[in-house]
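Participant: Protein chains in written order, with the numbering used here: chain A, 1 to 554; chain B, 1 to 310; chain C, 1 to 289.
Just so you know, the hints here were simulated from the structure itself, not pulled from any lab data. Where hints are given, some of them may not hold.
In silico lysine to aspartate or glutamate, EDC-like type, Cα no more than 16 Å apart, as pairs [as the list claims (entries may be wrong)]:
#, chain 1, residue 1, chain 2, residue 2
1, A, Lys-335, C, Glu-176
2, A, Lys-478, A, Asp-500
3, A, Lys-110, A, Glu-144
4, C, Lys-190, A, Asp-396
5, A, Lys-256, A, Glu-472
6, C, Lys-173, A, Asp-376
7, A, Lys-200, A, Glu-90
8, A, Lys-449, A, Glu-365
9, C, Lys-194, A, Asp-396
10, A, Lys-544, A, Asp-194
11, C, Lys-194, A, Glu-389
12, B, Lys-305, A, Glu-153
13, A, Lys-258, A, Asp-213
14, C, Lys-190, A, Glu-389
15, A, Lys-228, A, Glu-252
16, A, Lys-497, A, Glu-457
17, A, Lys-509, A, Glu-313
18, A, Lys-200, A, Asp-222
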Amino acid sequence: MTELLLAEKLNVNFRSRGETIHAVKDLSFNLRDDEVLGIVGESGSGKSQTVLSIMGLLESNGAASGSATFANKELIGLSPSELNKIRGNEIAMIFQDPMSSLNPYITIGKQMSGVLKRHTKMTNKEIKQKCIEMLHAVGINKPEERLGGYSFELSGGMRQRVMIASALLTNPKLLIADEPTTALDVTVQEKILDLILDVKDRFKMSVIMITHDLGVVARTCDQVLVMKNGELQESGDIESIFYSPKADYTKELLKKSKEINLDDQQKYTQTQDASIKNCLVRSTKAKVCFFLPKKTLFAEENVLTAVNEISMETLDGEVLGIVGESGSGKSTLAKTILGLQKLTSGQIEVFGERLSEVNKKELKEIRKKMQVVFQDPFSSLNPRMTVFEILKEPLDSFFPSMTKESVQKDIEGGLTEVGLTPEYLGRYPHELSGGQCQRVAIARALMPKPQLLICDEAVSALDASIRGEIIELLLKIKSEKKLTMIFIAHDLAVVRKICDRVIVMQSGKVVEQGPTEKVFFEPEKEYTANLLSAVPTPDPKKEKEKHIKRTQTQ
Amino acid sequence: MSNFRFVIGRFLGAIPTLLILICLAFLLVKSAPGGPFDFERSLPEEVEANLRAAYNLDDPVYLQLFKYIGDLMQGDFGPSFQYRDYTVTELISTGFPVSLRLGVAAILLALIFGSLIGSIAALNQNSKLDYGVMFFGMIGISIPNFVMAPLLVLFFSIGLRALPAGGYNGGDFYHMILPVVSLALPQMAYIARLTRGSMIEVLSSNFVRTAKAQGLPVRTILLAHVLKPAFLPVVSYLGPATAAIITGSVVVEQIFGLPGLGRYFVQGALNRDYTLVMGVVVFYGCLIILFNLIVDTLYGFIDPKIKQNR
Amino acid sequence: MKKTNSLLNDAWTALSKNKAALISATTMAMMVLMVLVGPAFSPYTIDETDWYKIAAAPSFFDGHIFGTDDLGRDLFVRTMYGGRISLMVGLVATLVSVTIGVTYGAVAGFMGGRIDALMMRFVDVLYAMPFLFFVILLMVFFGRSIFLIFVAIGAVNWLDIARIVRGQTLNIKGKEFVDAARTGGVSTIKIIMKHVVPNLLGVVVVYVALTVPQVILVESFLSFLGLGVQEPMTSWGALVNQGARQMESSPWMLLFPAVFLATTLFCFNFIGDGLRDALDPKDRTRGND
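Start from the sequences and build out the full structure, keeping to the hints where you can.
Facilitator: Right under this line is the structure:
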């Protein structure tokens, strides 16, 4: 094995409003042939800027210094025309968001052939042949037809495949993947990661994998760099990083990722006892359709069935998880239960009342007992209201006769309950961090003292460290207030940690439901099993076993 | 086939708009107090009878409207109220060629230089050149052409005595320079700002970063990846630009004494030549609607997202 | 009152960072002051003829600091009065168009669905109309009253605002805080008043600033053609028209009103641009597609 890429004392600085920001500080590492190097860190760790500086793709206010030699050639400070002989040719790169990274205005064929026209002397016919071959190699059906199509006609996973195919065209020695699966569903992520490993072997490349997800690292990498605030914390091979970490930061990252982890065999303390409970929400063949506008006057109406005849119930005191990938209809179901979305057919009973038959006043009474926490902490708080006003609003509407003093007391109490001090009362949402916003949103939901709390992806938008805190907070509140919770998430590990019962949804239908332990350890349906195994765990040995299993069954 | 249907569909879709335009103009004229069809002023009986006959005034209003639309479809805008010997159609066909010449020259000038200047500014973003272009762009959109035109005349004709101050002179090149420039300047400034903005947005997009990562040289990136999306907003601005040029031509023709349609319009308006004014409004309205339609259809062919969705 | 304070604060911080906008705002403030109190310092009135000074050049000694026009009237006083009219038309007509536009757009956006589609289709149709010509028709047929100018110009300029506000309303309506408020039992009217409208204000402020110069432009266009404000009152457009006719012999008649008009438009455009850069949530999607 020889050194393919050698970085020494690499620095990246950004100048912004007279200040200099050191995005990468004195980073040194090396990458050998045929190796997958993972660069892992949370947002702001400088992991992306490292590779962008190597590729000469820094924003105009950024500058790189130090040294990065690729195949014995210095890349830092290379002129654009020299650099253009290497990038796209010997080093290829794929990005996080395949939608915006592909040009929506020109055909896929044109985008792919541009690379070959630049770097090879192939004839047009050969170029077309090569493009088809590559699309085929990354598992795209009917590649001939795709060449004339546009990126926005494809799904997210397909787009990333096209990106990979374009990257492979010139048979590069190094593929840089910058968070290639962050925007994708887990089952799609699994396929894309497998594809990257597969083409790495077939095309004899090295790979740099940039990610925030230790599971992805465990699944794909041979060597790992752990970064924080632009500095290298630890580097080493995958086994030593995962099984004998030295740096405190690595240990902390590993601990956090294992706290919420699917493969943990430990049984969590679960609050549900065996006695028969009241049913708070009962849905019978609930169906929600969206009617899309007609494209022409005489076209048939397009109907999208988001929730397709779902029957389920939520028992008093339980934490019910609803999991599914994007487009599974789980959030629409939540909105329907909340009375924010009309049912097309079927019935939903909440606290014994049929939602389709209640009037405004009755709906308000129901809502008093049922509150919600949404995903995006920033968009769920009105930017023009202070924390005090935000918390006061539900009190005003549900308890209009409350005295000023008791309102003040309730609001301060509510804020303390979610771990914030009354000094936050006068602040606006943009003065709070994401985690603090989510705490305010939880406090608002608790103001009317509800029995049922619906959390719609309530922790999905948060960084891993904050996610843990908010989950702890939710669990604490749940047991203190004897709340019933419906917890909607795409993150299976979170659901596994806090839910008593789980419903698995796919394209608007229930695939499987049952107690968490049962669904997670003895799934009945193949879809559930696939979903579970697709989640990467921060344990390289287990990931290897899973990988071998997958490649054998194929 | 689908292209054909798309185009036909667009054109059929414009018909209601055209009808609304005609009805609006017609009803406005009809309801005007002291208007041509308001016979409170005592006209000689003969004249009144002629008018009644010419405009079918004894019919109910909706029949008159139908008749008017029917005449329009045959290119008949009716007789002029002021110029007794001419029909409105004749006046339009004398004035319009002059206006067309002026308008086409102005829009080409605005389009070519506007997008060129805007692109140069975008490619040198935050440089002195960029700031300079943007400042002059702001001046361009802030000074209306009826202020710009006299100022240009003051400087080039009265001051430098380099260019004629007015007159058509058969559309002679020197006589057209000042009218065309003063008509084009505000649009040129607007197009430059538009181009700059959209090009900067495209240049900072992720797909341009991808193209850079693929090792494509700047020239290729600009031609293959940037040009089309950057100029789409300019294409869709062509409709409003035409409307603005047409309105602008009304004052520019007035200032430079060009015998165009706009001049007839202003004269007609000041002399209360109702039929002429109505005819010009309908004519220009149809022109604007038609041009918007063409631009829209064109856009549908250029932007693949709309192309696929239709 | 905290909400509006915070919005004004936002706008103020945005403007104070933008030098061009700040200078423009200061210039405009001075201009408004000058137009309001300026005539009081002049010994002349708007329609008084100074028989000894017909079309006289600007001079400090006789008090005609901007000179006089071809009827011997003081140009400084006329320019100030013209400015009052132009600025007032700008303000009032903008108010008319913003009121119509915001109401229309907010209703369409909040109703959504078919009503929204229908309302926006109507806007599309109106967009295709040669409105300035209709305004001219109105002025010709219904007399040239200043009230009609306000209404006509205001009624023409609301389309852009309606589109923007509608897009913004749709956007806000889809925000999770609106759903949270509904779950919190807040009534629809209160949601509109407390959640939708305050978040629209930013956009509205921007478009007020951008509509004022458009409206002033239309008014001066009409007045230039002789279809706007009528004698003895005047406006910058009318003054430019008179000046343009005499520019060979007395260029000051053109230059003073032209400079005032252009500066005003220039300043408002800069203020609007500055506000937009700061407040507009980069959401200028085309109409209803």
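Participant: With reference to the structure, classify each hint as holding or not holding.
Facilitator: Against the structure, the hints come out as follows:
no.: 1; hint: Lys-335(A) to Glu-176(C); in the structure: 11 Å, holds
no.: 2; hint: Lys-478(A) to Asp-500(A); in the structure: 12 Å, holds
no.: 3; hint: Lys-110(A) to Glu-144(A); in the structure: 13 Å, holds
no.: 4; hint: Lys-190(C) to Asp-396(A); in the structure: 11 Å, holds
no.: 5; hint: Lys-256(A) to Glu-472(A); in the structure: 13 Å, holds
no.: 6; hint: Lys-173(C) to Asp-376(A); in the structure: 15 Å, holds
no.: 7; hint: Lys-200(A) to Glu-90(A); in the structure: 14 Å, holds
no.: 8; hint: Lys-449(A) to Glu-365(A); in the structure: 12 Å, holds
no.: 9; hint: Lys-194(C) to Asp-396(A); in the structure: 13 Å, holds
no.: 10; hint: Lys-544(A) to Asp-194(A); in the structure: 12 Å, holds
no.: 11; hint: Lys-194(C) to Glu-389(A); in the structure: 10 Å, holds
no.: 12; hint: Lys-305(B) to Glu-153(A); in the structure: 9 Å, holds
no.: 13; hint: Lys-258(A) to Asp-213(A); in the structure: 12 Å, holds
no.: 14; hint: Lys-190(C) to Glu-389(A); in the structure: 13 Å, holds
no.: 15; hint: Lys-228(A) to Glu-252(A); in the structure: 12 Å, holds
no.: 16; hint: Lys-497(A) to Glu-457(A); in the structure: 14 Å, holds
no.: 17; hint: Lys-509(A) to Glu-313(A); in the structure: 14 Å, holds
no.: 18; hint: Lys-200(A) to Asp-222(A); in the structure: 13 Å, holds
Taken one by one, the earlier hints all hold for this structure without exception.
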